[in-house]
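Starting from the structure of chain A, add chain B where the hints point.
There are 2 protein chains.
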Amino acid sequence: MKRRDFARTMAAVAATALPGVSLHAAAPHRVAGVNGARLNGWLSAIGEFGRNPQGGVTRLAYSDTDLAARAYAMQLMRDAGLDVVVDAAGNIFGKRAGTDGAAKPVIFGSHVDSVPEGGNYDGNVGTLAAIEVARTLGEQRIATRHPLWVACWQNEEGGTWGSELVTAESTSAERATIARSGKSVDDGIRLLGGDPSRLATARLHKGDVHGYLELHIEQGGNLDRDKLDIGIVEGIVGLREWDVTIEGFANHAGTTPMNERRDAMLAAARFTEMVNRVVTGEPGRQVGTVGRIQAFPGAPNVVPGRVTCTLELRDLDDRKIQRLYDTVVAESSKIGAQNGTTFAFHEFVTHESALCDERVRGIIGASARALGLTTLSLPSGAGHDAQNLARVGPMGMIFIPSVGGISHSPREFSRPQDITNGANVLLGAVLAMDAASWA
Amino acid sequence: MKRRDFARTMAAVAATALPGVSLHAAAPHRVAGVNGARLNGWLSAIGEFGRNPQGGVTRLAYSDTDLAARAYAMQLMRDAGLDVVVDAAGNIFGKRAGTDGAAKPVIFGSHVDSVPEGGNYDGNVGTLAAIEVARTLGEQRIATRHPLWVACWQNEEGGTWGSELVTAESTSAERATIARSGKSVDDGIRLLGGDPSRLATARLHKGDVHGYLELHIEQGGNLDRDKLDIGIVEGIVGLREWDVTIEGFANHAGTTPMNERRDAMLAAARFTEMVNRVVTGEPGRQVGTVGRIQAFPGAPNVVPGRVTCTLELRDLDDRKIQRLYDTVVAESSKIGAQNGTTFAFHEFVTHESALCDERVRGIIGASARALGLTTLSLPSGAGHDAQNLARVGPMGMIFIPSVGGISHSPREFSRPQDITNGANVLLGAVLAMDAASWA
Numbered sequence: 029m030k031r032r033d034f035a036r037t038m039a040a041v042a043a044t045a046l047p048g049v050s051l052h053a054a055a056p057h058r059v060a061g062v063n064g065a066r067l068n069g070w071l072s073a074i075g076e077f078g079r080n081p082q083g084g085v086t087r088l089a090y091s092d093t094d095l096a097a098r099a100y101a102m103q104l105m106r107d108a109g110l111d112v113v114v115d116a117a118g119n120i121f122g123k124r125a126g127t128d129g130a131a132k133p134v135i136f137g138s139h140v141d142s143v144p145e146g147g148n149y150d151g152n153v154g155t156l157a158a159i160e161v162a163r164t165l166g167e168q169r170i171a172t173r174h175p176l177w178v179a180c181w182q183n184e185e186g187g188t189w190g191s192e193l194v195t196a197e198s199t200s201a202e203r204a205t206i207a208r209s210g211k212s213v214d215d216g217i218r219l220l221g222g223d224p225s226r227l228a229t230a231r232l233h234k235g236d237v238h239g240y241l242e243l244h245i246e247q248g249g250n251l252d253r254d255k256l257d258i259g260i261v262e263g264i265v266g267l268r269e270w271d272v273t274i275e276g277f278a279n280h281a282g283t284t285p286m287n288e289r290r291d292a293m294l295a296a297a298r299f300t301e302m303v304n305r306v307v308t309g310e311p312g313r314q315v316g317t318v319g320r321i322q323a324f325p326g327a328p329n330v331v332p333g334r335v336t337c338t339l340e341l342r343d344l345d346d347r348k349i350q351r352l353y354d355t356v357v358a359e360s361s362k363i364g365a366q367n368g369t370t371f372a373f374h375e376f377v378t379h380e381s382a383l384c385d386e387r388v389r390g391i392i393g394a395s396a397r398a399l400g401l402t403t404l405s406l407p408s409g410a411g412h413d414a415q416n417l418a419r420v421g422p423m424g425m426i427f428i429p430s431v432g433g434i435s436h437s438p439r440e441f442s443r444p445q446d447i448t449n450g451a452n453v454l455l456g457a458v459l460a461m462d463a464a465s466w467a
Numbered sequence: 029m030k031r032r033d034f035a036r037t038m039a040a041v042a043a044t045a046l047p048g049v050s051l052h053a054a055a056p057h058r059v060a061g062v063n064g065a066r067l068n069g070w071l072s073a074i075g076e077f078g079r080n081p082q083g084g085v086t087r088l089a090y091s092d093t094d095l096a097a098r099a100y101a102m103q104l105m106r107d108a109g110l111d112v113v114v115d116a117a118g119n120i121f122g123k124r125a126g127t128d129g130a131a132k133p134v135i136f137g138s139h140v141d142s143v144p145e146g147g148n149y150d151g152n153v154g155t156l157a158a159i160e161v162a163r164t165l166g167e168q169r170i171a172t173r174h175p176l177w178v179a180c181w182q183n184e185e186g187g188t189w190g191s192e193l194v195t196a197e198s199t200s201a202e203r204a205t206i207a208r209s210g211k212s213v214d215d216g217i218r219l220l221g222g223d224p225s226r227l228a229t230a231r232l233h234k235g236d237v238h239g240y241l242e243l244h245i246e247q248g249g250n251l252d253r254d255k256l257d258i259g260i261v262e263g264i265v266g267l268r269e270w271d272v273t274i275e276g277f278a279n280h281a282g283t284t285p286m287n288e289r290r291d292a293m294l295a296a297a298r299f300t301e302m303v304n305r306v307v308t309g310e311p312g313r314q315v316g317t318v319g320r321i322q323a324f325p326g327a328p329n330v331v332p333g334r335v336t337c338t339l340e341l342r343d344l345d346d347r348k349i350q351r352l353y354d355t356v357v358a359e360s361s362k363i364g365a366q367n368g369t370t371f372a373f374h375e376f377v378t379h380e381s382a383l384c385d386e387r388v389r390g391i392i393g394a395s396a397r398a399l400g401l402t403t404l405s406l407p408s409g410a411g412h413d414a415q416n417l418a419r420v421g422p423m424g425m426i427f428i429p430s431v432g433g434i435s436h437s438p439r440e441f442s443r444p445q446d447i448t449n450g451a452n453v454l455l456g457a458v459l460a461m462d463a464a465s466w467a
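These protein sequence lines are chains A and B, in that order.
First residue of the first sequence: 29, per this note's numbering; consecutive thereafter.
First residue of the second sequence: 29, per this note's numbering; consecutive thereafter.
Just so you know, the hints here were simulated from the structure itself, not pulled from any lab data.
A virtual CB, placed ideally from N, CA and C, is assigned to each residue, including glycine.
There's no promise every hint is true.
As the list claims (entries may be wrong) - Footprint (simulated), chain B over chain A, 3 or more residues, beta carbon under 8 Å: (1) 257 to 269; (2) 288 to 299; (3) 319 to 331; (4) 399 to 413.
Stated by the list, open to error - Some chain A residues near chain B, calculated using beta-carbon distances under 10 Å: (5) G248; (6) G249; (7) N250; (8) R253; (9) N279; (10) V335; (11) T338; (12) F376; (13) V377; (14) H436; (15) S437.
Here chain A stands alone, though its shape is the one from the complex (with noise of 0.2 Å):
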């Protein structure tokens, strides 16, 4: 991109009139884009730790292909002239000062731990693509208010527990959580350079950031099928998991007539199509999902007389969730009664649901326009460090197109233009929000 480019993109920010946004003085910055080459240069490089045989990287947090991946970065925010440090969580943090002595820090960032078998860019897109941008300031010798800190937040696939262990309490006891490594979350933490001991000294409380943006590649298909350049996140979406416990009474296939049976495993079907027709049966994006079940005794011969599954229902709106819930639970006692069966519920996993700042999701939206790249504004049905980051100061998130919408898979892919795109709008919106007063 040409500087001559990139500045009409930063008046254009600056044009824009945001509600509960004043711009300061200074902005917009002559800038010029992103290096975006050296940016794809860096994910295929990073793709080497834990590179799969089929493709793809298992870079399971804790793991040694994790601490050679995060070595990688830590050395990409130094040539980009950050100061790298590591929390007492294990975050690394690539920190450059602002003007303004008493500005609070504009966050960004994201993750490069992955599921097993996973992508390349889920997670490392985010991360470098923030180095980028903090290269392209530092090359350009742009100054900013705000102190900038990228973030690489650690075991973001393990429940973002990075980003969640600097916005919020937590015990030894849930700490004693083991990863998909086979390590513990302190463990792990004090296998990445931090101190469990000294975890408040990591924490950031509401009001400490002036703002975070994450960029990250849609996880779903809705831009790469709608041939849209960039979404801008509403919101990650609430989730709510149950574990789904259905009586009836085991009996003998053979000698038990259907009438007198008490199948659990029925009751389980008819309870697994309702999920799907009530969370259906309503226009929205909620989704319902029964991804786990287990017959008992689970043997060909034998009517199950207990089934176990579960239920995990997801929307932006957690009235919306609690709603569908409801009428799950009453359907579900009709269900029961056709043929003497009973459910019990236990939620064993609860995320309310976090709403991107409004004021941010402006800036994004801004940013993408000035660039002449189309737009999408949409629900993150997956979870995300940002969530987290709510809690401490006004979050936005930037997606990118995923072709075919695959994530967690080898086969997820972002094209390097989408990826160039993506880190361009998050430089204009960092800057837009470094020029930014809140309302």
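The following block gives chain B in isolation, referenced to the frame of chain A:
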């Protein structure tokens, strides 16, 4: 039962015109009924071998408790004046000579092994009643034309192994099957005193047996519910089992819109409900069961890309099973077309139905009615050794009520009077069979 009553019984059996049966001139015998108190005492005594703390027994084939119960049964056979033989397959026979040196044996009996945490009635009732019948005949010095063989078949619960081995070929690979006790069938045979290398010496062939009778508890609730005394079994139902594999596409449960999912679990739910609908959609006693299921990858937050489950269909008419299966396959294709999933079926168990001999059914019915007992003709939904004996001679089964239809459970229970009734019906049927020539 008084001697005079039972004389009337046999006269009534003899007077009944049974198609295909001509009774020998020597019939009816004047004979008193069985000693019900003694029989029920033996049943209590054998219940000590493998007794569970919560009631019932665990007496797995080839276990120490199986050996102990077999030793007890062999002693009872000797006390009844029978010659005890363990054949090369590990089955016990208590043999008694007939008056006609050329006559083929009448075989009657059952088994003493159990399922894990099973009851003390399944198998034991038939084995001990058979011994009691022989003892009754011995005490009253009643001679029969045909040799009588009281049978105790080995490893019934592991798949009617003992009766299978004497009525069909087997390979050493098949006999390498590991029983629930952890031993292979061949090792089990040796443990019981048999010899796998000499199985040919134990073989019975078509025509070698005058007839086979087995008394057993009904492992369903028909007799108990309708307050009837005796079940005249029409046959042992055919049984086929398939592994069903449903392929969809695994995807992120948060980011994949409902209308873009190829959810194998939803297809499995529709499949399970469809099986129920197809099986109950026409008159008859056919049953269909989905007893085992697993979703892959099996996480609450992933739309299942693959589900494996089992399908089992049973009916007395093998052609009906085939017809139901064909309908299930056709309906599965429609379900798959609804959400982009595919179904594959792999049959892994096939047992053809074994019909009880009509003439033997007539004898059992006459024996029961002559004793003033009420009867019901019904199929056996469960498998029994009798299904194998049907290969070598006319076969019939006598059912007595099991309270609540409960079986394979510590709660399995049959009333002492019903057990005595069953033994008397067996006694009458053995004598009538001995007197019968098959037309």
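For each hint, the structure was consulted:
For the segment 257 to 269 of chain A, the assignment as covered by chain B holds, since 3 residues bring a beta-carbon within under 8 Å of that chain's beta-carbons and 3 suffice. For the segment 288 to 299 of chain A, the stated coverage by chain B is satisfied: 8 residues place a CB nearer than 8 Å to a CB of that chain, which reaches the threshold of 3. Counting residues of the segment 319 to 331 of chain A whose beta-carbon sits less than 8 Å from any beta-carbon of chain B gives 11, enough to reach three: the coverage restraint holds. A stretch counts as covered by a chain when three or more of its residues have a beta carbon under 8 Å from one of that chain; for the segment 399 to 413 of chain A and chain B the count is 4, and the coverage holds.
Nearest Cβ of chain B to the Cβ of A:G248: about 3 Å, under the 10 Å cut. The hint holds. A least Cβ separation of about 7 Å between A:G249 and chain B falls short of the 10 Å threshold, and the interface hint therefore holds. With a least beta-carbon distance of about 8 Å to chain B, the hint placing A:N250 at the interface is held under the 10 Å criterion. A cut of 10 Å between beta carbons decides the hint on A:R253: the least distance to chain B is about 9 Å, and the hint holds.
A hinted interface residue such as A:N279 counts as satisfied when its beta carbon comes closer than 10 Å to some beta carbon of chain B; here the least separation is about 8 Å, so the hint holds. With 10 Å as the threshold, the beta carbon of A:V335 comes within range of chain B, its nearest partner Cβ sitting at about 8 Å, so the hint holds. For A:T338, the interface hint holds, since its Cβ comes within 10 Å of a Cβ in chain B; the closest pair sits about 4 Å apart. For A:F376, the interface hint holds, since its Cβ comes within 10 Å of a Cβ in chain B; the closest pair sits about 8 Å apart.
A distance limit of 10 Å between C-beta atoms decides the matter here; for A:V377 the minimum to chain B is near 7 Å, and the interface restraint holds. Checking A:H436 against chain B by beta carbon gives a least distance of about 6 Å; that is within 10 Å, so the hint holds. The closest approach between the C-beta of A:S437 and any C-beta of chain B is roughly 8 Å, which is under the 10 Å cut-off, so the hint is satisfied.
When the structure is compared with the earlier hints, no violation turns up for any of them.
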